[in-house]
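A.B. asks: One letter stands for each residue in the lines below.
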Amino acid sequence: MAVYANGEDFVRQGFTSKDGWAITFDHAYVTLADVTAYQTEPAYDPEASESLKAQEQITVAESKTVDLAEGDEQANPILIAEVDAPEGHYNALSWQMAEASDGPAAGSVLMLVGTAQKEGQTVNFTLQLGNEVTYTCGDFVGDERKGILKAGNSADLEATFHFDHIFGDGSAAPDDSLNTGALGFEPLAALASGGELVVDQATLQQSLAPEDYATLEKAVSGFGHVGEGHCGADS
Amino acid sequence: MFGTARHAYAHGVSMSYQTTEVIEIQGKYDSGEPMADAQVAVYAPDDPSTPWLTGTADDQGVFMFKPDLSQPGNWEVQFRLAGHGDIMTIPVDAESNPVGTRGSTGGLNSVQKLIVFGAMTWGFVGTALYFSGRKQRMQKSADSGLQSTPSQF
Chain A
1 MAVYANGEDF
11 VRQGFTSKDG
21 WAITFDHAYV
31 TLADVTAYQT
41 EPAYDPEASE
51 SLKAQEQITV
61 AESKTVDLAE
71 GDEQANPILI
81 AEVDAPEGHY
91 NALSWQMAEA
101 SDGPAAGSVL
111 MLVGTAQKEG
121 QTVNFTLQLG
131 NEVTYTCGDF
141 VGDERKGILK
151 AGNSADLEAT
161 FHFDHIFGDG
171 SAAPDDSLNT
181 GALGFEPLAA
191 LASGGELVVD
201 QATLQQSLAP
211 EDYATLEKAV
221 SGFGHVGEGH
231 CGADS
Chain B
236 MFGTARHAYA
246 HGVSMSYQTT
256 EVIEIQGKYD
266 SGEPMADAQV
276 AVYAPDDPST
286 PWLTGTADDQ
296 GVFMFKPDLS
306 QPGNWEVQFR
316 LAGHGDIMTI
326 PVDAESNPVG
336 TRGSTGGLNS
346 VQKLIVFGAM
356 TWGFVGTALY
366 FSGRKQRMQK
376 SADSGLQSTP
386 SQF
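These protein sequence lines map, in sequence, to chains A and B.
If you read the first sequence in our numbering, its first letter stands for residue 1, the second for the next number, and so on.
If you read the second sequence in our numbering, its first letter stands for residue 236, the second for the next number, and so on.
If we strip away everything but chain A, and leave its shape as in the complex, we get (with noise of 0.2 Å):
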């Protein structure tokens, strides 16, 4: 079972946010721990109070940061580990989203390094969020299924981050509830000087208004995916 990390378009080919911020990203690490993968019966749903139920998982033993941003425009997703395991349906995935021991995000739990331009302006950011959160997720949703591993074969899995959550999606209405929820560049762009915005997660707490600090704590809850399909987040 081979076990994947996507940012998708948004963070590899850039998008515009919300309120108007054309962002791009030259890195986006983020670092996965206790990867794990579950045969779940009943089928596991991240909105309901069940608890996970699971007949079989795998887990993967060591935390891997990768940067969503590696590579060109078209470029894959990124793998995390291949993990032998039994046949089956691989049907629930969690992972925490845990801090960097060592690296250029080291200390950091998800580290973007871009560029934000809108009207002229230009911002130069460098975000190194800190909270560590768990990531609970169904079935796999998307153009095809994943998870299925038949006996001598191979399967994937695909942890998925939804960087509009956080920015928001200027394709989007602005009465969207994705765009509702999701935080957006302007607040952040306000923390700039000359240009330049460098912040940690205290940094934001501090910095932010709280109804904007308290709009991207829960935007990174909803921040994992496994393709469309919702995670529930424990931090």
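None of these hints come from the bench; they were simulated from the model.
Glycine included, every Cβ here is placed at the ideal spot set by N, Cα and C.
If a hint is listed, it holds; no wrong ones were tucked in.
Computed beta-carbon distance windows for the label pairs: (1) HIS246/B x ALA48/A: 51 to 57 Å; (2) ASP294/B x ASP72/A: 38 to 44 Å; (3) SER154/A x SER266/B: 38 to 44 Å.
Position chain B against the provided structure of chain A, taking the given hints into account.
C.D. replies: Coordinates of chain B only, in the frame set by chain A:
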């Protein structure tokens, strides 16, 4: 004794009906807005990788299908629309009773009875899928896109 006149019409109509059970699913966003024209894929227990049926929800986000009762087990139904999506499992036993349990507002309801004009549908299970809003770019993954075909049952 009076006779009863019978009239023969050139455009006679023959009507008949049968009853059967179908599963009805409604996809809604958490705002309550129906997932109109959502892409739907139904997976049978015997082959969860390949859609057994694909189709499109109606303008109320409703999709109905009649499972093949020779395949008891977990039937899975995926709704997708413009980057929003979810999948639900509907256990169906050999006695033709959908016994599903999922739904954000309380799960599959008990079997309800409904007669649809034309006498094709009789008895369905209703539930709702709820999705939080999202409009995404195409995600990068191996491709085997859904082929949308008219729903049929």
